[in-house]
Amino acid sequence: MKNKTRPAGIGTGYLSLMMIFVVLCLTMLAALSFSAAESERKYSEKSAEYTKSYYDADAAAKRTFAKVAEIAAEYDDYSDFMFLGELDMIDGVSYESTPVGIEISWTTPINDRQNIYSQIKITKSGIDITDWRTIQGNVPEEEPLNVWLGE
Amino acid sequence: MRSPIKVASKGGRLNLFLLEMIIVLLFFSVASAVILKAFVAADRMSAENIRLERMSFCAQSAAEIFSDTGDIAETAEILFEIDSERFEGATRIDIPLDEKCNYSYLKDVSLFMTMKVTESEYEGKFKAMNISFKDDEGNVLYEINTAAYVPERTVLFDEE
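These protein sequence lines are chains A and B, in that order. Heads up: the first sequence begins at 2 in my numbering, then just goes up one per residue. Heads up: the second sequence begins at 593 in my numbering, then just goes up one per residue.
Careful: at least some of the hints might be erroneous.
[Unchecked claim] Interface residues of chain A toward chain B, partial, derived using beta-carbon atoms under 8 Å: (1) 20; (2) 22; (3) 24; (4) 48; (5) 57; (6) 63; (7) 71; (8) 72.
The hints are simulated quantities; they were obtained by calculation from the structure and are not laboratory data. Ideal Cβ positions, reconstructed from N, Cα and C, are used throughout, including at glycine.
Construct all of the structure, not just a fragment, from the sequences and the given hints.
In structure tokens:
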């Protein structure tokens, strides 16, 4: 009887299976890294766009500040109706007279949801920036955030 | 009809294993070329994202310093430690940067940051500035606009 011996080594088909497995793994890794890079790109672009919008709004708020301060520099009496009339002509500015001077505030839009809220206090001794922050909506929240202050 | 392909251990006849190996290698080389392209694209995209973030942070830093000082020469000095006397009275400064947005000499420059005063009002107390980043070919990659108002008697609320 004739002895049949199988040739030593890898049989037919194993290479194809291994190749399919390796290619599938590599494809999955490539797809994952590409999608990670894509989502990172979206995030970076959003962040960069927000920075741009924020500084555009900040510049507009400072322009308003400059206008208000330059008008105020021409007056000594901050309850003068001429001064208040000039303030009324600046868009979005609201004011409140105080015993020592005047408090002026305005909001400047950053995007649909956020604004920069600016508030200054003008007295005989000078101009104080009392508030300059990003707020949600148009009205600043009076209540501070309930956070632990480390005490 | 018998197949012409036969398993044989001796030379002279077509080896099925070798044939499979050749086909697998061909397919693998084509597949790996496509996959490698995807990896390279992902890597390039990731590098661009990092560069955009660095430019954004650098622009923010410049904008914050400028809003405090109102002077571009001083901004360049604080941000990149460049002697501000070199730019005294300048309204535009071009700063060569490396890929990490650090001030660099021309050897490893990959970006140019330009700070330009675009507007000056109220006797120079209010200034608007444009900060832009360009590549070697002059394409604008990122830019922001900012402004500074530095009146003589302003007191910041956190300095009180």
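Structure-based check of all given hints:
1. 20: Holds, about 5 Å.
2. 22: Violated. Min distance 11 Å.
3. 24: Result: holds, 5 Å to nearest chain B Cβ.
4. 48: This interface hint holds because 6 Å falls under the 8 Å limit.
5. 57: holds, 6 Å
6. 63: Given a least distance of 4 Å, the restraint on residue 63 of chain A holds.
7. 71: holds, 5 Å
8. 72: Hint on residue 72 of chain A: violated, closest Cβ of chain B at ~11 Å, above 8 Å.
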